[in-house]
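Engineer: If you want the building blocks of each chain, they are given just below.
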Amino acid sequence: MLDATPLTASRLLRMDQKVFESSGVALSSRELEVQLQHLKDTGIQVVTRADHDFPTTLRDIYDPPAALYFRGTIRCDGPRVAMVGSRRATPAGRAIAQEMAHELAAAGITVVSGLARGIDGAAHEGALTAGVTWAILGSGLDRIYPFEHLALSEQVASDGALLSEYPPNTPPLPLHFPARNRLISGLSDAVVIVEAAARSGALITADFALEHGRDVLAVPGPVRSRASVGCHRLLQQGAGLVTSAQDIIAALGYDFSEQLKSRNTKEGSSLEAIDAAGRELLETIPFEPTSLDSIVGDRVATSVLPRLSELELAGLIIRNAGGLISRLR
Amino acid sequence: MRAGCAPALLEEVKSGVVVGILGHEVVVEVHCSHGLPGMRLVGLAGAAVREAGERVRSALVNSGFTLPPRKIVVNLAPADLPKTAPHFDLPIAIGVALSLGLEQRLDRFRNYWMIGEVSLTGAVSPVCGALPLALAAAEAGAAGIITPKANADEAMAAGLPVIPVGDINEALLFLSGKRPIASPLAEAPRSSSRTLLDFSDIRGQAPARRAIEVAAAGRHNLLMTGPPGSGKSMMAKRLPSILPEMSRTEALEVTRVHSVRGRTRAGGGLVTERPFRAPHHTISAAGLVGGGHPLAPGELSLGHRGVLFLDEMAQFGPRLLQTLRQPLESKEVTIARAGLSLTFPADFMLIGTRNPCPFGYHGDDLKDCTCSPGKLEAYHSRLSGPLLDRIDIHVRVARLRRDEMLNERPAEPSNLMLARVVRARNQQFARLDSLMRTNADMNPTEVREYCQLESETKAWLGRAIEGFSLTARGCDRLLKVARTVADLAGADMVAIEHLAEAAQYRAVVS
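If you're matching them up, the sequences are chains R and G in order. In terms of my numbering, the first sequence is residues 1 to 329. In terms of my numbering, the second sequence is residues 1 to 510.
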């Protein structure tokens, strides 16, 4: 029912014939039929460089993909900011990413990230509570990796977009991820690195950002924190230092002061609920993950433990799965 | 050599058999007749019982009897109950002696049960399961029970006259009324020398100590997470020192289980120390839950009314850990095998330890953890959600800080902690109207009834449910632990500070 001339194939894929031929895709009619049916079944759409929907920022990078597979909507006029970082994020790092992504999304900025564990996931989660986020995958859109982000990917697809340059059913091979990072940078106006260890994939994204001429911004961490070594190195090399969503917005050169007016009242109100002894305790808790034991120190455990719950509820400290506590504010 | 009396061809002697941890009556019938000399055992006798024939013959000869050449048939009734234990030696030997007319039994001793293994010399050696058998004898209306000397203290607990014997002759002389043996008058005094490891050895670790105290007070299950060498096992092993002594009822329940597994064979009467079982993680499912042939209780039941300590809990296979779920809920294990289904008690307090990651040092400030996120995830998921759901108290144990190591001040000893635990337990017993149930055993209805909150506290709980994203079960757990914290503080009502402390013991999943 289909003949496999490049013209027909490219039309069916809504691709420019030249692009299609140059993309090196050679499909038999049977394969093509199966692929098209699969795309239809899974709700995955294709946009090629020839389409005017193709993200413009992606056109001017060195090696843009011939086509992008996506789910959701990729029509977007506003600015896009990439937020990436360590997969082995600290709870504090996750909290910061979530909060910043939330505020960026609330200001109408699309938050772009890679759906990975750690910072990426936190950035998507934070953005979803207020606006739009895009997730760029290193696998086919029907093979979500990591698997535990399946539910998150569905939310991203319904509120924003899931994108990949890999056709459906492509496995998440290690070599796909550096290439994926190139798209994260290419799709964004600025790249924010929240936490990155000395050797982190997020640093690859930062390299691409420099290559693509995007702003590289980094969030500093505790001085001795291993999770922030990469960020600190970027800062030494001249990356912009950001401590809040406003810093990011300022770096983009947009004026979002109106949208952000209602923010930044959170800290005051959460601290108010804490009594003097609680505040005193808070001052002794470091920003690095710390064991309960060293927080309690020589004090009586029964006097410290209830106060920690209060601080936790007020969002001033956070506890990770291993039971370590770190201060957030 | 003693001459035989007038031959009494058919004799009956009563004994019992243990199935699981329950004793059942068995009648040993012995018939001797003219025919080809020899002994034949019928009535579903296991290997150990079938060998009794040879033992009994030699034992009787060595006790000074001449056995006339007779055909002897021994029947163990009921014939459908498998009999595997060697404690039938004594009843068979006595039955044979009576049946051959070597001695005559007074009528008033007809209704005595007897148990014991005999050696070739005629001496009676101790057996497993003396308590369950004595209890069954009492229930069946026996007038008394003849036991090996070492088992006498244990059998006494059943409350019927116990006749301790050292060899076959003593038993026969007693039965013929020639030499009376008085039943010991009272139970041997319970050994009160508690030589338990003490908490004064533990320096620092204030939060973990407190968590263990709360766990002990409410009998909550506890999981400690910490790097190697942080003292998790050391603290766990000191848990028995802050648990209240067992009541007599509890001691009876515990001894019943341990008796079957032979722990009391060497004597010593009732088990009075709370069991502390620490199986290695290579244990088999049958070893943990119970099984084997004949069906015997496993570690879960041996920890009944005591502590089951699973060191390095994540190393136990997932299938093993899954088997814990049902006993943790129902406090007993039911084992079904072809043709037989048995229920063993398994009301234990679970205490587990694990490292924060497969490498062991995740979140430690001395060593850098190199585990990948996937590996960490896999490690944490070894303890499944439903299992973690049944653990009320989670605590992170840190490695000792330098100032703690150098601290010369002696730490609080166990007896002070125990006093607080006992006080908190008494409050629970009064409230729950039972001497064995604790806060951890409260069902949802009881939680609502006994953890009523003032409106301000309720509002705080509402915030906690949202802030800590608690499930309905998590909320129940929080309330139960808070109830224990309140009991330790001697408070009638659960207040915010109790809830807030309890919230620190919740499990955090990333």
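Note that these hints are calculated values from the structure, not bench results. All C-beta atoms, glycine included, are put in the ideal place defined by N, C-alpha and C. A few of these clues could be false.
Not the full set, but computed from the structure, chain G residues with beta-carbon under 10 Å of chain R [to be verified]:
1) 119
2) 121
3) 400
4) 499
Derived DEER-like restraints, expressed as beta-carbon distance ranges [as the list claims (entries may be wrong)]:
5) R:272 - G:408: 56 to 62 Å
6) G:373 - R:298: 32 to 38 Å
7) R:303 - G:318: 38 to 44 Å
8) G:292 - R:284: 37 to 43 Å
9) G:426 - R:300: 54 to 60 Å
10) G:373 - R:254: 33 to 39 Å
11) G:377 - R:241: 31 to 37 Å
12) R:315 - G:381: 24 to 30 Å
From chain R, some residues computed to sit far from chain G (all C-beta separations above 12 Å) [claimed, not checked]:
13) 39
14) 72
15) 73
16) 76
17) 89
18) 148
19) 170
20) 207
21) 233
22) 292
23) 293
24) 304
25) 308
Engineer: It remains to establish, for every hint, whether it holds in the given structure.
Structural biologist: Hints, verified against the model:
1. With its C-beta approaching chain R no nearer than about 57 Å, residue 119 (chain G) sits outside the 10 Å limit, and its interface hint is violated.
2. Interface hint status for residue 121 (chain G): violated, as the beta-carbon distance to the closest one in chain R is roughly 61 Å, over 10 Å.
3. Using the Cβ-Cβ criterion of 10 Å, the hint placing residue 400 (chain G) at the interface with chain R is satisfied: the shortest such distance is roughly 8 Å.
4. Interface restraint check for residue 499 (chain G): the shortest CB-CB distance to chain R comes to about 8 Å, inside 10 Å, so the restraint holds.
5. Distance hint check for residue 272 (chain R) and residue 408 (chain G): the Cβ-Cβ separation is about 42 Å, which falls outside the suggested range of 56 to 62 Å.
6. For residue 373 (chain G) and residue 298 (chain R), the Cβ-Cβ distance of about 36 Å falls inside the hinted range of 32 to 38 Å, so the restraint holds.
7. For the pair residue 303 (chain R) and residue 318 (chain G), the supplied restraint of 38 to 44 Å holds, since their beta-carbon distance comes to about 40 Å.
8. Look at residue 292 (chain G) against residue 284 (chain R): about 55 Å separates their beta carbons, and that is not inside 37 to 43 Å.
9. Here the CB-CB span from residue 426 (chain G) to residue 300 (chain R) is close to 24 Å, at odds with the stated 54 to 60 Å.
10. Remark: the range hint 33 to 39 Å for residue 373 (chain G) to residue 254 (chain R) is upheld by a beta-carbon distance near 34 Å.
11. At about 32 Å, the beta-carbon gap between residue 377 (chain G) and residue 241 (chain R) stays in the expected band of 31 to 37 Å.
12. A hinted range of 24 to 30 Å holds for the C-beta pair residue 315 (chain R) and residue 381 (chain G), which are about 27 Å apart.
13. Even its closest Cβ contact with chain G, about 30 Å, leaves residue 39 (chain R) beyond 12 Å, as expected for a residue assigned away from the interface.
14. Annotated as non-interface, residue 72 (chain R) keeps its C-beta farther than 12 Å from every C-beta of chain G; the closest such distance is 26 Å.
15. For residue 73 (chain R), the requirement that its beta carbon stay farther than 12 Å from each beta carbon of chain G is met, with the minimum near 30 Å.
16. Residue placement check: residue 76 (chain R) keeps its beta carbon more than 12 Å from all beta carbons of chain G (closest about 30 Å).
17. Look at residue 89 (chain R): its CB is around 9 Å from the nearest CB on chain G, not clear of 12 Å, so calling it non-interface is violated.
18. Listed as outside the interface, residue 148 (chain R) is inconsistent with that label: its C-beta sits roughly 8 Å from the nearest C-beta of chain G, within the 12 Å cut-off.
19. At the 12 Å boundary, the C-beta of residue 170 (chain R) stays outside the reach of chain G, the nearest C-beta of that chain being 20 Å off.
20. Residue 207 (chain R), annotated as away from the interface, keeps every beta carbon of chain G farther than 12 Å; the closest lies near 22 Å.
21. For residue 233 (chain R), the shortest C-beta to C-beta distance to chain G comes to about 18 Å, beyond the 12 Å cut-off, and the non-interface label holds.
22. Listed as outside the interface, residue 292 (chain R) is inconsistent with that label: its C-beta sits roughly 5 Å from the nearest C-beta of chain G, within the 12 Å cut-off.
23. At the 12 Å boundary, the C-beta of residue 293 (chain R) falls inside the reach of chain G, the nearest C-beta of that chain being 4 Å off.
24. At roughly 8 Å from the closest C-beta of chain G, the C-beta of residue 304 (chain R) falls inside 12 Å, breaking its exclusion from the interface.
25. At the 12 Å boundary, the C-beta of residue 308 (chain R) falls inside the reach of chain G, the nearest C-beta of that chain being 6 Å off.
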